[in-house]
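J.: Residue numbers (this note's numbering), protein chains in the order written: chain A, 1 to 391; chain B, 1 to 391.
Since the hints were made in silico from the structure, they are not lab data.
By construction, the Cβ of each residue, glycine as well, lies at the ideal position given by its N, Cα and C atoms.
Treat the hints with caution; some may be incorrect.
Claimed, not checked - Here are the simulated lysine to aspartate or glutamate pairs, EDC-like style, with alpha carbons at most 16 Å apart:
1) A/Lys-5 <-> B/Asp-26
2) B/Lys-218 <-> A/Glu-95
3) A/Lys-218 <-> B/Asp-219
4) B/Lys-5 <-> A/Asp-26
5) B/Lys-47 <-> B/Glu-179
6) B/Lys-5 <-> B/Glu-316
7) A/Lys-385 <-> A/Glu-261
8) A/Lys-4 <-> A/Asp-342
9) A/Lys-131 <-> A/Glu-121
10) A/Lys-158 <-> A/Glu-121
11) B/Lys-218 <-> A/Asp-219
12) B/Lys-4 <-> A/Asp-26
13) B/Lys-113 <-> B/Glu-284
14) A/Lys-113 <-> A/Glu-284
15) B/Lys-158 <-> B/Glu-121
16) B/Lys-36 <-> B/Asp-233
17) A/Lys-4 <-> B/Asp-26
18) A/Lys-218 <-> B/Glu-95
Claimed, not checked - If you want the footprint, here are the derived chain A segments under chain B, 3+ residues with CB under 8 Å:
19) 11-17
20) 192-206
21) 235-243
There are 2 protein chains.
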Amino acid sequence: MRHKKRLLTPGPTPLPEEVRLTLAMDMIHHRKPGFKAVLSEIQEGLKDLFGTSQPVIPLASSGTGAMCAAVTNLFRPKEQVLIIEGGKFGERWGEIASFNHLDTVVVTVPWGKAVSRKHVEKAFAQYPDIKGVFVQASETSTGVLHPVRELAELTRDKDVMLVVDGISAVGVSPCPMDEWGLDALLTGSQKGLMLPPGLSFIALSERAWDRVAKVKPKDFYFNLAGEKAKIRDNQTLFTPAINLLMGLHTSLVILRERGLEEIYRKQWALTQLVRTGVRRLGLELLAKEHYTWGLTSVRLPAGVDGQRVLAAAAQEYGVVMAGGQGRLKGRIVRIGHMGHVDFGDLLAGLYALERALCACGGHSGARDFLEQGMRAYESALAEYKGGMSHV
Amino acid sequence: MRHKKRLLTPGPTPLPEEVRLTLAMDMIHHRKPGFKAVLSEIQEGLKDLFGTSQPVIPLASSGTGAMCAAVTNLFRPKEQVLIIEGGKFGERWGEIASFNHLDTVVVTVPWGKAVSRKHVEKAFAQYPDIKGVFVQASETSTGVLHPVRELAELTRDKDVMLVVDGISAVGVSPCPMDEWGLDALLTGSQKGLMLPPGLSFIALSERAWDRVAKVKPKDFYFNLAGEKAKIRDNQTLFTPAINLLMGLHTSLVILRERGLEEIYRKQWALTQLVRTGVRRLGLELLAKEHYTWGLTSVRLPAGVDGQRVLAAAAQEYGVVMAGGQGRLKGRIVRIGHMGHVDFGDLLAGLYALERALCACGGHSGARDFLEQGMRAYESALAEYKGGMSHV
Chain A
1 MRHKKRLLTP GPTPLPEEVR LTLAMDMIHH RKPGFKAVLS EIQEGLKDLF GTSQPVIPLA
61 SSGTGAMCAA VTNLFRPKEQ VLIIEGGKFG ERWGEIASFN HLDTVVVTVP WGKAVSRKHV
121 EKAFAQYPDI KGVFVQASET STGVLHPVRE LAELTRDKDV MLVVDGISAV GVSPCPMDEW
181 GLDALLTGSQ KGLMLPPGLS FIALSERAWD RVAKVKPKDF YFNLAGEKAK IRDNQTLFTP
241 AINLLMGLHT SLVILRERGL EEIYRKQWAL TQLVRTGVRR LGLELLAKEH YTWGLTSVRL
301 PAGVDGQRVL AAAAQEYGVV MAGGQGRLKG RIVRIGHMGH VDFGDLLAGL YALERALCAC
361 GGHSGARDFL EQGMRAYESA LAEYKGGMSH V
Chain B
1 MRHKKRLLTP GPTPLPEEVR LTLAMDMIHH RKPGFKAVLS EIQEGLKDLF GTSQPVIPLA
61 SSGTGAMCAA VTNLFRPKEQ VLIIEGGKFG ERWGEIASFN HLDTVVVTVP WGKAVSRKHV
121 EKAFAQYPDI KGVFVQASET STGVLHPVRE LAELTRDKDV MLVVDGISAV GVSPCPMDEW
181 GLDALLTGSQ KGLMLPPGLS FIALSERAWD RVAKVKPKDF YFNLAGEKAK IRDNQTLFTP
241 AINLLMGLHT SLVILRERGL EEIYRKQWAL TQLVRTGVRR LGLELLAKEH YTWGLTSVRL
301 PAGVDGQRVL AAAAQEYGVV MAGGQGRLKG RIVRIGHMGH VDFGDLLAGL YALERALCAC
361 GGHSGARDFL EQGMRAYESA LAEYKGGMSH V
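Extracted from the complex, chain A is given alone in its bound form (with noise of 0.2 Å):
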């Protein structure tokens, strides 16, 4: 039978109706007013979702790429800094930074765990020398939420800059740079911003500004003080990739009409609305406490192929969801619900999983998880308080 396609990734995600027709315009030239006025809305939207009244450089690249923008503009070779590491993003921290030569202090934490405050201060007193700490807010291998605003509390006072990766963080739960004092913030425009990939961004406290104007950084294409001198003119430093930004341009519309704290009241009710439905099914969590609200990870049962439950999601009921990577490769599912991704989605997608999972040998599941999973979904959203109280 041939199915509608269900994209639950963790990135890319779907994308809006509207995004989708934005970006079949035509072009237009990217030195002209019409540009410069569609760059400079684009920024007050992200400020907005950045939480922070500094510009928010976009960048034509991959998330990696503003990964390797913060590392080699804040940081010169041999200085020390702190890598926190507990899942693929968080290695890709340490390559970056040992690419270019700093010297790295690994604080490795078990895969589905979350950092704690107390490892970070054991680093600190062990390394006094640490000049920053590198951490995803949301590490998107395992669905794992890092403590990055206690962390903050720990480096705001010293001179150490936190840098935080919130590719699937920012747009999908709160993360507000300003008022938790982060030093660099960072996100990809595939996921809680509903663009293709493409587009990364980056923006810096006042403080890792003036970092950069002391490292004097000598990467070419990611010239983060060279961007922040164009975009007051509402330009680029290099020809900007026109079709996305304009998409951002109108999804940033959609995200302002939402409303941010809305936004995160519905991603916070779907990630229970599939944490419970999962639980119900009799599978195991892999992040038991600590969850991102933007894609859930599944142990699958011993025995059972991952990448046979995938193929058979999708192959019988158009569910595309991902598996694991790096050391979790093919012992977990990754169930994607940020972007354009609503409860019937994802209804489906719990559907999809398990009987995948049956048919690869795994187990008969509850009669009720859809209904326990929708249960949840709607308490969730009566209970959801705001305020960032569930991070």
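Chain B: place on chain A using the hints.
T.: What follows is chain B alone, placed relative to chain A:
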């Protein structure tokens, strides 16, 4: 009056409807078989376009990103390289090389002229340690075509890499990489490929790949050896710009249907249309001899303000052209005629240019510049011989 918009800038260029509709398609996941099949077909199309049997690496970046990739992947700090600098993008080669601590020897060419073989021979004699030559096939800031084929005759038997920025040449005028013996050829998506900006592409010769293996570059984002290993499996190292690559798949189908020689014939004829029309208007062409086939730079009469001319053409006739860059700012108009542009667009463009010039205190113009332009176009179409004889 509200006019139909006509984008006649040398990038971005207008998009064919099929490409625009593809850009509007909803997201698919980049690690699944469907997208791998697309990447595989894209490889075949790009190899044809570049004239190479080597892989063509797609990058999520502007064209400048691919320029950075060439510099950081092919050379070690302190190696001596020759920069051909006859425009803003020649200058950019020099800036990127200096940022990356290469020892640069610069051959300066007047903006509007092509480098000569003799210049380069002289530099080789004077600086025997030169390990690379950086040049534009087509210098987009002036509209000059540098003789890269002749330069390759000088480098191919030496231990010297010829690195060619083909940003406004690939898919516009012949530049067959393997046949000519270029060591690196790169381009961006927003010119001959008829796509929005946001993608770049680079291919290396066999001996250039050997050099990468020796250099062991430490560029995390622009990691060509890493991308080459991935592209064999129809994947990319980082999240690719999915919708732009889907659009590329469509534009490559269109280009293949037309055939490369037919595309070059049309580009050659459009160039004759514009050059003849402009001359007939009594205006001076910036590039007298070695001109590109995708844009034409026109000198403005003394005392005429370039910004006013461009604004008048856009406001009164809907025709968007580009001004000069760098030292040519305000002194020239650049008419783009690559990508999804035809003779009708250029008739409108020439007419708008003439009217705008008159409105800005230029001259009254000839009466038959449109007809003369079309006669030149028809003759060029009929007489075009192919086989790259017009370079």
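J.: Now look at each hint and say whether the structure bears it out.
T.: Outcome of the hint check:
| no. | hint | verdict |
| --- | --- | --- |
| 1 | A/Lys-5 <-> B/Asp-26 | holds, 10 Å |
| 2 | B/Lys-218 <-> A/Glu-95 | holds, 11 Å |
| 3 | A/Lys-218 <-> B/Asp-219 | holds, 12 Å |
| 4 | B/Lys-5 <-> A/Asp-26 | holds, 10 Å |
| 5 | B/Lys-47 <-> B/Glu-179 | holds, 13 Å |
| 6 | B/Lys-5 <-> B/Glu-316 | holds, 11 Å |
| 7 | A/Lys-385 <-> A/Glu-261 | holds, 9 Å |
| 8 | A/Lys-4 <-> A/Asp-342 | holds, 15 Å |
| 9 | A/Lys-131 <-> A/Glu-121 | holds, 14 Å |
| 10 | A/Lys-158 <-> A/Glu-121 | holds, 12 Å |
| 11 | B/Lys-218 <-> A/Asp-219 | holds, 12 Å |
| 12 | B/Lys-4 <-> A/Asp-26 | holds, 12 Å |
| 13 | B/Lys-113 <-> B/Glu-284 | holds, 14 Å |
| 14 | A/Lys-113 <-> A/Glu-284 | holds, 14 Å |
| 15 | B/Lys-158 <-> B/Glu-121 | holds, 12 Å |
| 16 | B/Lys-36 <-> B/Asp-233 | holds, 8 Å |
| 17 | A/Lys-4 <-> B/Asp-26 | holds, 12 Å |
| 18 | A/Lys-218 <-> B/Glu-95 | holds, 11 Å |
| 19 | 11-17 | holds (count 5) |
| 20 | 192-206 | holds (count 4) |
| 21 | 235-243 | holds (count 6) |
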